[in-house]
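Student: What follows is each chain in one-letter form.
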Amino acid sequence: MFIPCGRGGGSAAPDFKGFTLLMPAVSVGNVGQLAIDLVISTLDMTKVGYFYTDCLVPMVGNNPYATAEENSVELSINAEVYSLPSKKLVVLQIRSPFIKNKYRPFCETLLSWVKSSKFSRVLLLSSSHAYQRDDEQLLGTPLRYLLTPDLEKAVGGRMKELNWKEMEKVAAYPGINNTDKVLHIPGGGITKLLFTESCSEGIQMAVLLKFCSEGDNIPDAFVLVNYLNEWLQLIKSESKNSTDLSSQWKIPSSWRLLFGNGLPPALF
Amino acid sequence: MATFFGEVVVAPFVVAIGRNAAAFLSSFILDSVCWEVVGVVKLWNEWCRTSSTTKVLPTDSFCLFYRLISDPTVLLCQCSCYVAEDQQFQWLEKVFGSMQKKDLQVTILSTCPVADYKTQESTLTLVSPFLRALKTKEFQEQVCCPLLEQPNIVRDLPAAVLSYCQVWQIPAVLYQCYTDVIKLDTVTIEAFKPLLSSQLLKSLAKDASESTKILKKFLTTGETHNNIYI
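Chains A and B supply the protein sequences, listed in that same order.
Take the first sequence: its position 215, counted from the start at 1, is 223 in the working numbering, and no numbers get skipped.
Take the second sequence: its position 172, counted from the start at 1, is 819 in the working numbering, and no numbers get skipped.
So here's chain B without its partners, still in its complex pose (with noise of 0.2 angstroms):
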């Protein structure tokens, strides 16, 4: 069974790279009563260190994927650890290969560095974090910001994915976060509620008030790592 989305039938995967855009999910989309674990990708490389935090956010060198019970075509991956360039294929195929492609629709969210963002100005006097998207050809909808203009490039996992979609003619669109923030971080997180006019995540999206508690949580999570003066 497929979902209904206006007058197309897709069935939506989206995507959250990083702990910023995993968060997203976890305050704005995901709950234990409407999802189920249904997947998990287990991986290692040099950079996966265990988290000292718990319960908010999946463990650091796991995928996680989540299927929504009242429509099993709609599946969402949280991804807080980093995929080496050496795996990010294997991780393609293995979590590729195991979907139905028909009438698949792609979303991505990730984050980046905003002294990355190549820009005429300097970045000093750029506004962030803020929103770029990059899309397949087959992706018709509306994005919800810019699009990412050039020299700008997109690296890592999602540039995998999005590659991937684009080669194999999968609607896709990425939206990536430019911050000046690495950490877990409420202002970026909150950075994507952009994305809940689309479509898609309008439909998905939790009750408001349940939201603000969940970025509260990673608000208290974060000051007690940063007070280093106390």
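Pulled out of the complex, with its shape left as it was, chain A reads as follows (with noise of 0.2 angstroms):
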């Protein structure tokens, strides 16, 4: 549940009515959460609260944004919402995998504080397995977007502009069958039930994944975070010309030693 941060117990909630929910979906190359990273870093956001659940890996470590000596020391845990009034955005960032047999219940957690903080709409990164792309989808562009039925009618025609490519879906039973079509986000963690629960749940809803393999996922990170871009604006191009905004995108202090320690002189 939401708790947010501040002095006394009784501090009131935040209003979030009308705000755009972004967060990520734990999966595959932890590519949505970095990109939330970069997020949260480059708008300089602030937390306003806590998403306490028994649904998460506890974890703790200092401020991950912290710019200088004296931002350092503020505790963080393992998800944390960030907020930034002026582009009405809320951030959720998860930091540890899931305990097992709680996706469910996080889900049901998460889109019941959605609906009674009365978010406009949720945007969820996200990535899936490279591997199991099919011969098409092997070419092209590797972003994918997905939209709820109620977003679909609000937005549908600036994806169309964007020239933005949809989730295919897959079939059901290839090889045997290829009439009956379903959605299969492998590697996507809670993606897919997050989505098929925001549908039946009338939420308005939007899915931004790449496809992706585990290894060094920073350039994802900045791939998908500049997908979100061209739809959201958030940052915007400081010179005339270029298109690629990757250098404004401020890297976290903790995107650090993130391959291993030094190495030990003796080995040379």
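Simulated from the structure, these hints should not be mistaken for lab results.
For clarity, every value in this text was computed on a predicted model and none was experimentally measured.
You can take every hint at face value.
Derived pair list, reagent style SDA-like, types lysine to any residue, alpha-carbon separation capped at 20 angstroms: (1) B:Lys748 with B:Arg714; (2) B:Lys784 with A:Met67; (3) A:Lys108 with B:Gln734; (4) B:Lys849 with B:Leu751; (5) A:Lys108 with B:Gln737; (6) B:Lys765 with A:Ser80; (7) A:Lys95 with A:Asp23; (8) A:Lys110 with A:Leu100; (9) B:Lys784 with A:Met53.
Computed from the model, here is a short list of chain B residues facing chain A with C-beta under 8 angstroms: (10) Gln735; (11) Ser810; (12) Val814.
Glycine included, each C-beta is placed from N, C-alpha and C at the ideal position.
With the hints as a guide, bring both chains together as one complex.
Tutor: The following block contains the structure:
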């Protein structure tokens, strides 16, 4: 459940009515989570609360977005909520994996919070295994989107303008019967569950995902966050001609030593 | 009745997670005269196994809770067993659910492998064991060692307890000891000694000679298991 930060047990919950909720799925390469880190860090978002749940593995550390000694000592936990009222944006960052059998309870708690907070829409950043792509998906852009029927009505046109590609459905019984098609997002974590639940509950949700593999997923995160930015325009290009905004996203200070410590000098 | 430490009223709760942290409390704080057992948490998971050492340490699948007889607001917990990730939330709810939250101040002691410590240098050049601390927003006192630098994180039960305290605005500090010994080890136990200079533990600490006696007992207990060449 959402617990606001702030002094005193009775601190009033901030008002999120009409805001967009941006969140990651814990998925292959952690691309969604990395992209969210870039958003929070670049927009210098303020932490407004915690999403306290028994569904995620506990973890703590000091401020992952620290820019100086003074702001480096604030404790962060596994699921936190950040806000940028000027863009009517709320971001939920998830920093640890799900505990076994807790996918569904988490989805239920999350969607219940979405409804009670009256968010206007939910944007889910996710990824899917690149090796599961079919022949057609191997060509062209590795980026896909999905919209729930309620959001399709509102922004379907914008997707066409952006020339985005919708996530294809795959045959339920490949080789046997190619007519029954289902949504299949391998490696997507809670993406499919959250999407299908949102469809049936009339929640406006969009999924933005990238096909990728495990490895150094920082470039994938940049691609995904630029994809998001094409739609939301969170940051604008500084130079008139450049369409590549990668240099304008601020890498958080916690993105260090992702591939282990320094090497022992005696090795050489 | 709450305890006065300096000018501030606190109800201290010290949690030692892991065998070395629990042994630190046994050596330097706990005794059978001033402390009484007031509670126990029993749990089972695949990591539990019965211990062949007895008496000095609590049984493997229990967490024991002690209270200072002269001041019942002072509580200690020794948790030597591994609390699995799907048991941690329940542990928190059961333990903190039965405690008075007013003036509560939590101190957590824990250990983890130095190989988990992320640093620019190689861990081979680090001098271990060493302490690092994490504290909640409400914790205003001095910490006894440097704070844990990013990108390091803490997991498992210590993280669960500290998260609970951060969310519910309880002042709490976690002292994580990075060590290269996974078994019970006197050097690792003694690495927690800087904590004895803190206001809280200074007033609870036992006589130094008694602590040395208990530490020696740990040393001999350990040796019997390690003499595979004799």
